[in-house]
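Asker: In case you want the letters, here they are:
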Amino acid sequence: MLEVAHLKKYFTTQKAVDDISFNVEKGSIFGLLGPNGAGKTTLIRMITGIFYPDEGSILLNGKKFNADADSARIGYMPEERGLYKKMKIGEQAIYLARLKGLSASEALSQVKDWFIRFEMQSWWNKKIEDLSKGMGQKLQFVTTVLHKPELIILDEPFSGLDPVNANLIKDEIFRLAANGSSIIFSTHRMEQVEEICSQIILINKGKKILDGTVANVKQEYKENLFRITATPFPANYPNELFEVLSKKEQSLTIRIKEGHSPNDVLRYFIDRDSNISSFTELLPSLNDIFIKLVEGTSLSRQFQPAKS
Amino acid sequence: MNKIGLIIRREYFTRIRNKTFLLSTFLLPVMIVLLIAGTVYLGIKGKTNHRVAVSDENGYFRDYLKSDSSLFFDFSPAIDTLNYAEKNCSAVLIIPVLKEGEKTIYRLKYKKQLGLANIDDLEKRVNAAITDHLIFTKTNISRSHLDSIRAASDIAELKTFSDEGKKSQASSQGLSYAIGWACGFLIYLLTFIYGAMVMRGVMEEKTSRVAEVIVSSVKPFPLMLGKIIGIGAVGLTQFLLWIGLAFVLILVAQAFIPHELLQEVGNMQKANAMGNAQMTQGSEAARQIFEVKQSFQNANWFLIIGCFIYYFIGGYLFYASLFAAVGSVVNEDPQEAQSLLLPISMPIVFSFIIMSIAVQDPGGPLAIWASLIPFSSPIVMMARIPYGVPTTVPYWQLLLSMACLAAGFLFTVWLAGKIYRTGILLYGKKPNWKTMWKWAFKA
Numbered sequence: 001m002l003e004v005a006h007l008k009k010y011f012t013t014q015k016a017v018d019d020i021s022f023n024v025e026k027g028s029i030f031g032l033l034g035p036n037g038a039g040k041t042t043l044i045r046m047i048t049g050i051f052y053p054d055e056g057s058i059l060l061n062g063k064k065f066n067a068d069a070d071s072a073r074i075g076y077m078p079e080e081r082g083l084y085k086k087m088k089i090g091e092q093a094i095y096l097a098r099l100k101g102l103s104a105s106e107a108l109s110q111v112k113d114w115f116i117r118f119e120m121q122s123w124w125n126k127k128i129e130d131l132s133k134g135m136g137q138k139l140q141f142v143t144t145v146l147h148k149p150e151l152i153i154l155d156e157p158f159s160g161l162d163p164v165n166a167n168l169i170k171d172e173i174f175r176l177a178a179n180g181s182s183i184i185f186s187t188h189r190m191e192q193v194e195e196i197c198s199q200i201i202l203i204n205k206g207k208k209i210l211d212g213t214v215a216n217v218k219q220e221y222k223e224n225l226f227r228i229t230a231t232p233f234p235a236n237y238p239n240e241l242f243e244v245l246s247k248k249e250q251s252l253t254i255r256i257k258e259g260h261s262p263n264d265v266l267r268y269f270i271d272r273d274s275n276i277s278s279f280t281e282l283l284p285s286l287n288d289i290f291i292k293l294v295e296g297t298s299l300s301r302q303f304q305p306a307k308s
Numbered sequence: 309m310n311k312i313g314l315i316i317r318r319e320y321f322t323r324i325r326n327k328t329f330l331l332s333t334f335l336l337p338v339m340i341v342l343l344i345a346g347t348v349y350l351g352i353k354g355k356t357n358h359r360v361a362v363s364d365e366n367g368y369f370r371d372y373l374k375s376d377s378s379l380f381f382d383f384s385p386a387i388d389t390l391n392y393a394e395k396n397c398s399a400v401l402i403i404p405v406l407k408e409g410e411k412t413i414y415r416l417k418y419k420k421q422l423g424l425a426n427i428d429d430l431e432k433r434v435n436a437a438i439t440d441h442l443i444f445t446k447t448n449i450s451r452s453h454l455d456s457i458r459a460a461s462d463i464a465e466l467k468t469f470s471d472e473g474k475k476s477q478a479s480s481q482g483l484s485y486a487i488g489w490a491c492g493f494l495i496y497l498l499t500f501i502y503g504a505m506v507m508r509g510v511m512e513e514k515t516s517r518v519a520e521v522i523v524s525s526v527k528p529f530p531l532m533l534g535k536i537i538g539i540g541a542v543g544l545t546q547f548l549l550w551i552g553l554a555f556v557l558i559l560v561a562q563a564f565i566p567h568e569l570l571q572e573v574g575n576m577q578k579a580n581a582m583g584n585a586q587m588t589q590g591s592e593a594a595r596q597i598f599e600v601k602q603s604f605q606n607a608n609w610f611l612i613i614g615c616f617i618y619y620f621i622g623g624y625l626f627y628a629s630l631f632a633a634v635g636s637v638v639n640e641d642p643q644e645a646q647s648l649l650l651p652i653s654m655p656i657v658f659s660f661i662i663m664s665i666a667v668q669d670p671g672g673p674l675a676i677w678a679s680l681i682p683f684s685s686p687i688v689m690m691a692r693i694p695y696g697v698p699t700t701v702p703y704w705q706l707l708l709s710m711a712c713l714a715a716g717f718l719f720t721v722w723l724a725g726k727i728y729r730t731g732i733l734l735y736g737k738k739p740n741w742k743t744m745w746k747w748a749f750k751a
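Going line by line, the protein sequences match chains A and B.
Under the numbering used here, the first residue of the first sequence carries the number 1, and numbering increases by one thereafter.
Under the numbering used here, the first residue of the second sequence carries the number 309, and numbering increases by one thereafter.
Bound conformation, chain A alone (with noise of 0.2 Å):
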């Protein structure tokens, strides 16, 4: 649905996003990851046709990306969240959908549908000074996804919502997909993008490191760790076969060495009588790998002339 080649754009003192290239499928949920100043809001506003990328291409549905026509079909709520705030709500809401292109009927009825499917209905004439965070965020999303989109952006979506809200936007955003909307989302937080992305990309400084479906890039990253629970444990271990990381009353995290299969293991414990109650394999969580991958750089980008 979009396809992403060779993007590349250069500040003066940086090079915010270099040489980048993903696809996202038609009602897939795709996650953009990378730390602070990775360069994610750069490559966001150049799918959202706010800058012109230096070099490279954006494919939407196969055809060229054009800002002015194509922005009726990307809702992008971005991070720093921003409304008219002397504006009233159900006024400003409309206005946000007609910019998007909805005709002035089209745009009221989406309006009150979506504040009835949010329970909004009483917030029509309040201005967003008014709002709690939480509700404007709501308004937020709502105002986003107004026009029916194809291509979803949302950067930090649950930040600063309560469960119970952001349970709310999160089966929305897979209502969205499964009508075969596709979300691109941004986050920090790996724990919902484990929950939520079917494929991922984390970028830093710049350049793209890691690129896959969520069980793709754990496979990757695995690092043969397993999970045994057995007694009585055989008197010692070979040291060839694998390596005790740990050890709790019954059960032993292990990591099994090069050249031997999981297979071996227990052929070895059954040899030596002892009776197996689990055997799991340990996949490295996304925050995992997120930090083994992130770490050592330093932790604020440096600037740099950006020569090419």
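Hint data in this document are derived by calculation from the structure and do not stem from the laboratory.
One thing to keep in mind: the hints can contain errors.
Below are the DSS-like pairs computed for lysine-lysine, each with C-alpha atoms no more than 30 Å apart in a straight line [what the hints assert, rightly or not]: (1) A:8 with A:86; (2) A:88 with B:311; (3) A:85 with A:26; (4) A:86 with B:737; (5) A:127 with B:311; (6) A:292 with A:63; (7) A:8 with B:738; (8) B:726 with A:205; (9) A:64 with B:527; (10) B:726 with A:26; (11) B:311 with A:133; (12) A:88 with B:527; (13) B:737 with A:85; (14) A:127 with B:420; (15) A:88 with B:327; (16) A:133 with B:527; (17) B:311 with A:63; (18) B:746 with A:126; (19) A:148 with B:737; (20) A:205 with B:327; (21) B:311 with A:64; (22) A:207 with B:527; (23) A:133 with B:327; (24) A:86 with B:311; (25) B:420 with B:432; (26) B:327 with A:85; (27) B:446 with A:205; (28) B:311 with A:26; (29) B:311 with A:85; (30) A:86 with B:738; (31) B:432 with A:63; (32) B:311 with A:207; (33) B:327 with A:126; (34) B:726 with A:112; (35) B:746 with A:205.
Chain A is fixed; fit chain B onto it per the hints.
Answerer: Relative to the frame of chain A, chain B by itself:
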């Protein structure tokens, strides 16, 4: 484009519906009228009457220096240069012997400033007294004879006409001055009010971070243009309301003039239309009303209002786009706006100063140049136009000035668009003119 229409409508209606719009529409003229009335009142009230002691040992002036209520000359010998203040005099005039054929200095000593106008008046009276003294000592003419000649000599009155080829138009310098000054001042005021409104609107969009949401639907340039046009339409609405208000006020004022007086005025108008230049009949009041009416009718209102609207729009677009550019680069800190605003408000203030000179000398080189250059032309040209087109302002000047202004605002809008588009999405960076220059010309 459809979207720019939406933006204009939002900018326009959110402001028109605001209570402050109605309030400012009606309060601003009231305040201006009060301000003018107040200064005039204080000017009259503040004109204090002065007693000036005269130390005139030779009696040269005794019978000739004329006193009246505003300036009274006291010849009493009891007052001298030491005690004049205690004797309730503001100053003392010390006159030595005046010799014929050479300049003698006479002095005025004061404890309380007399003011420029009073000194001027005093000097005139002293000169007149010398003339009178010489007339009586050198000729045989009697005093009563001279006075009667003086009274009889008041038989001529100057009326000015602007020469427009076939017909001559009666003109009134005073009215032209008043209209010119009012137009220039109004454009000056409106440029600041609406320019600042544009800047605040842009800053609001930036600081509330709504800009990024909007910019993902609309390009920054139409967003800026929509805001400028929408707010400009608010200004125009306000101006038209003021004209309507003035019209109503004039009608109301006429209702207060007695009926007979109006009839007399009507008769005069008829007589004037038939080419009868003499207006001997009619009371003094009727004559005054007639003259005011006449000069108001002679002022070319269609031209003045038409030009005013053009120069208001042109000047507004010229400066509002610069205000928008400043609004787009500042962050939350209003202090930043202050320092960036200086280079924009300076030319406006200078234009105002030039305008107050141009309105006194509408054909002078300063007035002509300043009314052609787009930085100052909206304010200065409006001060000249009431003096007459094409007499004081030839057509070529008017057209050139209008063309320059159009080119000027196209340029500033283009320039501001470039700065705006980068500035509106940039946070945290302290702006300066150098970086803005870079955005405008290098990006």
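Asker: Within a Cα-Cα threshold of 30 Å, do residue 327 (chain B) and residue 85 (chain A) meet the stated pairing?
Answerer: 17 Å, holds
Asker: Quick one, are residue 327 (chain B) and residue 126 (chain A) close enough, alpha carbons at most 30 Å?
Answerer: 17 Å, holds
Asker: With a cut-off of 30 Å on the C-alpha distance, tell me whether residue 746 (chain B) and residue 126 (chain A) pass.
Answerer: 42 Å, violated
Asker: Can you confirm whether the C-alpha distance between residue 311 (chain B) and residue 26 (chain A) stays at or below 30 Å?
Answerer: With a Cα-Cα distance of about 28 Å, the restraint between residue 311 (chain B) and residue 26 (chain A) holds, given a limit of 30 Å.
Asker: Can you confirm whether the C-alpha distance between residue 311 (chain B) and residue 85 (chain A) stays at or below 30 Å?
Answerer: 21 Å, holds
Asker: Taking only the CA atoms, is the gap from residue 446 (chain B) to residue 205 (chain A) under or equal to 30 Å?
Answerer: 104 Å, violated
Asker: Hinted pair, alpha-carbon criterion (30 Å max): residue 127 (chain A), residue 311 (chain B). Please report holds or violated.
Answerer: 23 Å, holds
Asker: Residue 88 (chain A) and residue 311 (chain B): Cα distance at most 30 Å?
Answerer: 20 Å, holds
Asker: Can the restraint linking residue 133 (chain A) and residue 327 (chain B) be considered satisfied, given a maximum Cα separation of 30 Å?
Answerer: 28 Å, holds
Asker: Given the hinted pair residue 311 (chain B) and residue 63 (chain A), is their Cα-Cα distance within 30 Å?
Answerer: 23 Å, holds
Asker: Holds or violated: are the alpha carbons of residue 311 (chain B) and residue 64 (chain A) at most 30 Å from each other?
Answerer: The hint holds at about 22 Å.
Asker: For the pair we were handed, residue 127 (chain A) and residue 420 (chain B), check the Cα-Cα distance against 30 Å.
Answerer: Violated - the C-alpha atoms of residue 420 (chain B) and residue 127 (chain A) are around 61 Å apart, more than 30 Å.
In summary, the numbered hints that this structure violates are 1, 3, 6, 10, 14, 18, 19, 20, 27, 31, 32, 34.
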